[in-house]
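Asks: Now for the letters of each chain:
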Amino acid sequence: MNRLDALRGTTPPKPHDARAIAALAANPGCARRALLDGAGIDKDATARHLGFPAPFGQSPFAITRGNAFEALVKADGCAELLRMLRELLELPVAEVAYHDVENVGAHLRHAHTRALFDRAARDEHDSGTIYDHPLLGLEIAGHVAYLEPDVVAFQLGGRFHIVEIKSFAVIDGQADPAAVAAAARQAAVYVLALRRMLRELGHDPLRVAHDVVLVCPENFANRPVATLVDVRRQLAVLERQLSRMTGLDRLVEGLPEELTFDLLPGEDGLPTRPAAELADALRRTTARYAPDCLSTCDLCFFCRDEARQEGACDLLGRQVRDELGGVASVEEALGLADGTRAPAEGQEEIARLLRNAERLRRECLA
Amino acid sequence: MSLLTSLARLRALEEGIAQPIATVRHCHLSERPMVLIPLRMSGEAAAPLAAMLGTRRDDPRLLVVTQPRNRDLRFAWTADLAAELLPYIGSFLAGTETVERKNADPYERVLDAPQILVPNQAGIAFVRLLGRSTRFRRADGPYPVPETVPLLGRWLTYFGERAAHPGSSLMTAATEELGRHWASGQSGLEDANLAALMAWITTGPSDDAEDPLVWPPAGPATDPGFDAEVLATAIEAGAAERITEALRGQLEPTWRLMWQAVDLLRGLPEGASVEQRWEQDRGSFSAMAAHIAEGAPPQARRDGAVAAASRLARMERAQAAYEVQRAYDDPLVMAEYRLTGEAFAGEVVETEPEHSEGEGRSRKLRPLVVVKTDDPVRLAPGTALGTPQRRAQGAQLVEARDGLVTVKITKGMGRGKTPAPGSVPEVGERVCYTSLTDDFQGSPALPEAEATPWTHGGPPREYTPSDEDALEEWS
Amino acid sequence: MRRGGGGDGLRLVTVREQAHQALTLLGVPAQPRLIAAVREAFFGGGLRGAQLTSLRRDEERSFASSPYGRPYYLCAALTDRLSPARGLLAVSTWPLEQRMVGPLSPRVHFLTCAVAVAERMTAGHGVDAGPDSGAARLLARMARNIPGGADLDIGPPDPARVIEAARAELAVHAERDTRDRAELAGRAAAQLGDRARLFGAATLSTIGDRAATGPPAI
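Chains as they are written, first to last, in the working numbering: chain A, 1 to 366; chain B, 1 to 475; chain C, 1 to 218.
Simulated from the structure, these hints should not be mistaken for laboratory data. Please note that the accuracy of each hint is not assured.
Unchecked claim - Label-pair distances were calculated between CB atoms; the ranges are:
1) P12/A with G141/B: 51 to 61 Å
2) G204/B with T340/A: 21 to 31 Å
3) A123/C with A94/A: 28 to 38 Å
4) R250/A with P147/C: 53 to 63 Å
5) A236/A with D438/B: 39 to 49 Å
6) A189/C with G137/A: 28 to 38 Å
7) Q319/A with G204/B: 18 to 28 Å
8) T272/A with E183/C: 52 to 62 Å
9) D374/B with G346/A: 17 to 27 Å
10) G249/B with E267/A: 38 to 48 Å
What the hints assert, rightly or not - Calculated lysine to any residue pairs in the SDA-like style (CA-CA distance at most 20 Å, straight line):
11) K372/B with R362/A
12) K14/A with F56/A
13) K411/B with G382/B
14) K14/A with P55/A
15) K43/A with L259/A
16) K372/B with C364/A
Where a beta carbon is used, it is the ideal one built from N, C-alpha and C, also for glycine.
Please construct the entire structure, taking both the sequences and the accompanying hints into account.
Replies: In structure tokens form, the structure reads like this:
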């Protein structure tokens with residue numbers, strides 16, 4: 001993995017959070033992203049330095065609201081959470097033991113979490129029921145990412161359940177599907193991390209349930225409601241992507257020896273690397289831009305700009321790409337449509353369709 | 001998206017300007033539309049922050065919640081919104097016409113109906129949620145609200161639901177309508193940004209459209225940077241005036257864009273079937289108004305099984321009819337079907353107007369028309385055909401070979417021995433035939449609500465809003 | 001208890017006194033937001049949870065400069081690691097075991113608070129217990145999180161019923177919780193100096209460290 005560290009150079013590694021790990025599975029075919037994430041490169045800082053800052057941001061109101069809702073769910077000894085777990089999962093009344101893992105200093109929290117869960121999995125009689133903010137670790141391409149689920153609940157049939165607290169509303173039994181999907185992807189990261197921890201400790205990893213408990217406000221009030229969400233599919237995607245990340249060696253081998261994405265931070269931590277040089281270095285790796293990247297990847301504007309300069313059909317979205325059946329560049333597709341370009345082998349059918357489409361458009365717009 | 005649209009997008013990308021994908025306007029456009037741009041408080045499901053609205057471009061009304069966490073101010077805002085929208089809606093109820101119906105009593109239909117224009121789909125979703133959060137409130141009891149608030153909630157719910165009805169123009173999103181008429185050189189995802197789409201259509205693509213400092217988002221979500229740097233500090237300081245002016249600054253650019261979008265759409269001639277769909281909108285709106293006047297309860301939280309199934313069936317039929325009508329109204333839409341071989345167009349090269357079938361009394365006129373076409377015809381002999389040129393006629397494909405298609409006119413020829421003048425295309429005329437037709441199977445046989453099978457939950461209890469609905473927390 | 005309770009004297013009562021009154025009513029360590037809710041319900045409003053966030057630090061500073069200079073301090077509740085429990089306030093004059101937080105204590109605290117609030121409502125004490133009063137709202141919120149404490153959220157909660165339901169669940173946890181806290185109190189008395197006994201020890205070890213030498217002591 002030394003080559004990966006060389007790609008990052010002197011810039012400190014950026015730890016992954018669950019959201020970032022979940023996003024790894026969003027565009028598995030992108031070699032540029034796989035390399036940057038594998039090397040622990042701060043994509044946000046990279047994008048900003050390149051002059052293409054990511055279009056993401058979270059409103060302080062949304063953050064405040066999220067924190068307030070989590071506090072409410074956990075207030076009074078997790079009274080609301082216990083009610084929901086009793087209703088949803090038939091948690092026995094005696095099971096109320098609460099461990100605030102966040103009471104432990106940050107540097108010890110991971111070890112403390114391991115010890116607590118080891119004890120719980122051994123079924124020691126006084127193991128806890130609710131673990132508040134435990135700290136899990138997950139190895140991503142040689143680097144350990146530390147992850148902090150909102151709550152892990154135990155003692156529901158001897159299994160661990162990830163509890164994910166989100167402040168988007170469930171209205172009349174329905175929530176924004178995109179928000180639920182994102183929460184499920186994120187929770188799957190916690191499930192995986194906890195399963196790996198149990199396996200390392202010599203326990204059955206399947207004692208972590210693939211059903212996660214999603215807690216959201218119901219309707220327009222603050223009152224929390226819990227739902228079980230099956231994350232098996234998200235887990236499968238995630239595991240596939242992570243196993244691919246361990247195959248980064250092959251991707252690295254294809255790169256020039258001296259290649260690095262180092263930002264060369266100065267004493268003030270600000271990048272000193274000439275932006276144009278960094279952009280050139282990045283262009284040595286292959287990206288697979290799709291409009292979906294605009295909501296998942298910090299580098300999206302840089303890659304979109306590159307796709308524009310290349311005149312790639314990818315700019316228009318997967319649907320157009322599929323429609324064009326493998327014709328990758330705008331110029332090529334239009335050449336086939338105009339008849340100024342002869343179809344290559346295998347392109348006869350799409351060329352015929354494009355010529356026909358062009359004829360029809362001209363006729364109708366004449 | 002069809003290949004034709006994909007090609008238009010490629011062309012837009014090459015030429016740096018959006019390309020038309022329609023030759024007529026497929027939506028109704030009111031003389032007096034209500035443009036409504038709502039903004040939501042970040043992190044909340046349906047907490048309003050502001051709205052700019054009005055029927056005249058030089059006279060926008062700005063409504064602001066100057067302390068979004070204050071529930072009373074939010075209801076006051078909703079009452080203000082009602083004071084704008086309810087009179088607008090009510091102004092269409094005066095003029096009506098009597099519509100006779102087969103097997104049913106005649107009913108009164110408004111001569112014109114309101115039309116609410118919002119910037120994007122998310123705006124429609126927000127309006128629906130705002131309706132959901134207010135329609136159960138009560139003017140009496142523990143948490144009283146002005147009585148216009150629940151009434152507005154019912155109307156917003158109605159408009160929100162009707163917006164999902166294919167081809168309806170009672171409430172529609174600017175980005176959706178623009179995207180139906182122009183193909184930009186960006187992805188559909190990026191088309192949801194009104195400023196970006198408008199730039200593609202008018203002047204060519206501009207990265208400014210994505211810069212919230214140049215073009216603030218068209219709502220309902222606000223720019224997180226604006227929230228952090230402007231709104232949060234103004235709210236903290238309790239500076240109502242500052243908040244109002246800041247939100248005006250966020251809304252005004254979109255207000256101008258909305259009216260530009262109206263101009264662009266107005267510049268297109270109206271499609272032939274638009275009026276028919278608007279008539280259905282007027283009927284639907286009239287029924288809702290009558291429903292409210294009769295004192296019916298607010299819409300239920302959820303449809304029962306039968307209501308849900310019949311709604312789904314209605315939407316599917318509306319979708320199919322909308323697609324066919326657009327193709328009949330617009331040669332550029334029909335071209336999509338010509339490309340896939342479900343339609344063909346060309347010049348009439350030969351006719352046999354007095355061709356007939358049967359003998360004696362059952363002898364019928366069945367004129368034959370031969371069309372020369374460059375289109376790839378993929379229709380089997382015997383396929384029933386329709387034509388935009390003579391919508392009342394039905395025809396059948398007899399034979400298609402070597403770019404020559406023989407068509408037999410089978411319906412709409414009358415009882416005469418010779419065809420009426422103009423009823424059979426002349427040699428040299430350009431015609432188009434398609435297997436798409438607008439006569440669909442009737443509605444599926446669904447049981448009455450009282451006979452809902454147990455597999456679908458049994459007969460639903462009649463919906464009466466409960467105290468719990470009215471007392472629902474609204475924090 | 002009645003001094004400064006509502007009415008004219010309210011403005012003269014300091015934040016720490018207000019918190020002290022609420023904590024005395026509850027009898028167990030509590031979070032600022034609950035303290036504020038109790039104040040609002042029984043002593044008149046005015047106290048915000050945010051005003052209490054720095055209170056513990058101020059109290060510790062005061063204690064450090066002149067130990068036991070005040071009749072009481074608003075101090076920390078202590079975790080099984082004898083560190084200050086996050087976000088909980090307690091009263092220094094309480095017996096040590098009353099300020100200890102074992103694994104079951106958060107639940108026991110909650111149930112105990114529910115009983116205290118319900119008892120205070122039945123006792124009257126000039127409390128406006130109408131269905132829309134702060135006290136009724138507070139009790140309703142608590143009641144719905146206690147098995148058998150409320151009827152499907154309809155109508156205002158019945159204090160007697162809440163007391164009965166809370167006591168029923170308390171009976172399940174009480175023995176072990178009392179044992180846990182007594183054991184912790186013993187450790188705190190043996191290991192901590194005056195100041196740490198009130199405001200908690202710095203966190204140093206994890207139970208993992210101790211696991212090497214035997215089962216953890218809790």
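Asks: Please name the hints from earlier in the document that this structure breaks, with their numbers sorted from lowest to highest.
Replies: Checked against the structure, no hint fails, so every one of them is satisfied.
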